[in-house]
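Construct the entire structure; sequences and hints are all you get.
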Amino acid sequence: MNINIKEILIRNVLVPTETKLDKKILETLQLLRRERVSIPIITISSNTFSKIAGIDEIKKQIENYIDERNLNVSILEVGSLGISSLEPIISVQLPGKSKIFFKQIDTDNIILILDGIFNNYIQQEYVLGQQKNEIHEPWEQVPFLDEIAYFNFQQRLILKQCGFIDVNSINEYIAFGGYQTFVKTINKNTPAEVCDIVEQSMLRGRGGEGYLTGKKWKIASSTPSQQKYLICNAGESDPGAFMERFLMESDPHKVIEGIAIAAYAIGAQKAFIYIESDYELAIERIKKAIDQSTDYGLLGHDIMGTGYNLEIIIKQGAGAYVCGEETALIKSIEGKRGKPHSKPPYPATKGLFEQPTVVNNVETLVNIPVILNKGAEWFKSIGTEDSKGTKVFSISGKVEYSGLVEVEMGTKIRDIIFRVAGGIRNNKRFKAIHIGGPSGGCLTEDHLDTPIDFESIMLVGASLGAASLIVLDEDNCIIDTVKYFMNYLQKESCGICIPCREGTRRMYEILENISKRPKDENGYATLQRFKGVMQLETLAEVLKDTSMCGLGRKAANPVLSTLKWFRDEYEEHIFERNCSAGVCQELRTFEIDVDACTGCTLCAKKCPTDAIFGTPKNVHFIVQDKCIGCGICFETCKFSAIISQ
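Numbered per our numbering, the sequence shown spans residues 1 to 645.
Quick caveat, the hints were computed from the structure, so don't treat them as lab data. Since we're looking at a predicted model, the values are computed, not measured. Any given hint could be a false lead.
[Stated by the list, open to error] Between beta-carbon pairs, the in silico distance windows are:
1. K132 with R577: 50 to 60 Å
2. E455 with A318: 27 to 37 Å
3. E193 with G422: 40 to 50 Å
4. T306 with A149: 44 to 54 Å
5. E280 with G335: 14 to 24 Å
6. I39 with E7: 21 to 31 Å
7. D108 with I313: 41 to 51 Å
8. K336 with Y211: 17 to 27 Å
9. P138 with L602: 54 to 64 Å
10. S277 with F639: 51 to 61 Å
11. Q624 with E77: 51 to 61 Å
12. F639 with R501: 44 to 54 Å
13. F144 with E280: 33 to 43 Å
14. G422 with I135: 28 to 38 Å
C-beta: ideal position from N, C-alpha, C; glycine also.
So, in C-alpha cells, the structure goes:
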C-alpha cells in the first residue's frame, strides 16, 4: 500500500504528467489530507512543550482505552499549534464531523473526554475549538479555531500546518503541497533566477541583523569555487526563544524543503543543519525527514532526474550562545573552538573550509518555499516598506497565553500582548517587555504602539534578535531581569576579545552590588560602589563600540535600554537601597510587629539563618545582620506579625 501511495504521489503530484487528476487519485489525496475519514482519528500534540506536560503518559492511556474497548481508531502524532500554555492538546475527528481540539489534557480528564466524544457529547470545559471544513458537519456551540483571539489575529504563512500535519509522514506533507515547489524550481528555474526571486521579495534574515537574504545568496553564488555550502542555523541558545525547535518538531519536511531550494540557488551540493545536541526530538524528526526525502528521490544523487545532487548533514553543537554568530558556528562545524572572527572576509565569500558559505536560520529558510510558490510581489505585499512578510515570535512571561505567534511585520506590540496573548495574567499592571533575547532591550508602556519590524524596534533602543518577547508585570524587578541576562552573557562570552569578556563581567558585578544590602561596608567600599555605578553607562557604551562580534556589541543593550527607560528603578536600588517589586532579596528587610506576635515560634523554626530569636509565647525579634531577606518568615506567619519593609 505504501509503495502504491509513493508512486501516486511522485507521478501525479511531484512530477505530474496529467493536468487533471482522476477520481481515485483525488480520493487518495483527500484521505492523506484527512479531508474525509472512514474511522475516528485522534491526533496527539507531541512536542517539547507537551512532553514536559506529560503527553507520553496520556498517549499510553489513550492506547489502553482503545485496546480495552476494541475500537477501530487511528492515532497520529502532530506538532504544536503554538499555544504552549494550553498543552497537552489532542484532537478527535469522527467520520463526517469536524476535527475538534481539546486543551490541558491530563490523566484525570482524558477518559472523560473520550467517553464523551465517542457518544457525541462534548466536555465544554476542555474544548479549545474545531477546525473549519466545508465538507464536515460542525459541532454545535464550539468555536472555530480561527475565531479564537490567539489565532484570529495571526497571519500564519509558515506555521500554517503546525499542529495539523502528521510529523512522521512525507506522504501527508506531499499531499498538502509539500516539495512541489522544490521539484518545480529545480526543473524550471536556474539558480540565478531563484536568487533573483528571493532578492526581489526583500526577505530579510530572521536570525538577527535582518540582512537581505537574496543579496547574501548572490554573493555566494557568484564567488568562484569548486564547493559551496549552505548552513541551516538551528542552534537556538537564547533563553526565551524556541522558534527553531518548534518548526523542526512541528513541520520538519518544510525545513528540509527550504534548505533544498536554498542550496540549489547558491550552487551547494552539501548542506549542514547545526543544531543543539539536547534538541533530541527535533533531531529525531529531522533525521526521519531526511531519510524519507532521500527514499523518495528528493535528496541524494540526480534528484528527480535533474542532475542536481544534495546531501544534508546534521551537525550537533553544545549549545554555546556565541555559536549563534555565524563565524563561530562555522568554526564549530569544522571541529574547532566556536569563536568568532572579524569581518571581512564574510562567510558568503570565505566560510566553511574556506569555501563560499551561506548561513540562514530555520525561519528564514521555511519562508523560501512560500516565496517561490506565491511569488516575490505577493510576499512584498505583506509587512512594512522595509520589513516584508510575517515574523514568528516566542512570547512568554506574565501573559495569559504563552507560545509561538506569527504576525505580519509592522504589527504593534500592544496587539501581540493584549489581542493574541490574552493580556497580563491576574489583571496585573503591565510594566515592560524585553525583546530580542539576552542581548535585546526592555521597552515600556509608552512603546506599546511601536510596530514590530527591524527599523522601528532599533529606533527605540532594542533589536528583534532572537525574536523572543518576555512580558514583565508590576511584580518584576528590572534590575533583577537585567542582572539575569548579564550573568548569562558573561558566562557565554567566548573570551576572545577584552571588551566583551571583561565588560560583561564588570557590568554584572555592578548590578550585583546595587541589588544587595552592604554588609559592614566602609567608606572606601561605598565610594568604589558609587564609582562603579557611575561608570555603568560608559562601560556599556565602550562594550557596544569596541567588541569584535555582533554578540559582544549587543551585550550592552539590556543595560543601555533599561538605564534609558527605567533610570528611576536604578536610582531606587542605588540610593534608597530598596526594591519596590520585592524581588531583590538582599534589599528586603523584615521586622516583627510586637503587638501582633504571639510567640508561636514557627518563624524561628523556618528561618534558614537562625536570624529570629525569642522564647515560646513571648515576642520574637529579627537580627538584621543575619537576615538574608528570603521572606520565609513572612510567608510562614499566620498572624500577620511579620512586616516587609
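Against the structure, the hints:
no. : hint                       : in the structure
1   : K132 with R577: 50 to 60 Å : 58 Å, holds
2   : E455 with A318: 27 to 37 Å : 34 Å, holds
3   : E193 with G422: 40 to 50 Å : 44 Å, holds
4   : T306 with A149: 44 to 54 Å : 45 Å, holds
5   : E280 with G335: 14 to 24 Å : 22 Å, holds
6   : I39 with E7: 21 to 31 Å    : 24 Å, holds
7   : D108 with I313: 41 to 51 Å : 44 Å, holds
8   : K336 with Y211: 17 to 27 Å : 24 Å, holds
9   : P138 with L602: 54 to 64 Å : 57 Å, holds
10  : S277 with F639: 51 to 61 Å : 52 Å, holds
11  : Q624 with E77: 51 to 61 Å  : 57 Å, holds
12  : F639 with R501: 44 to 54 Å : 51 Å, holds
13  : F144 with E280: 33 to 43 Å : 35 Å, holds
14  : G422 with I135: 28 to 38 Å : 31 Å, holds
Hint check: no violations occur; every hint is consistent with the structure.
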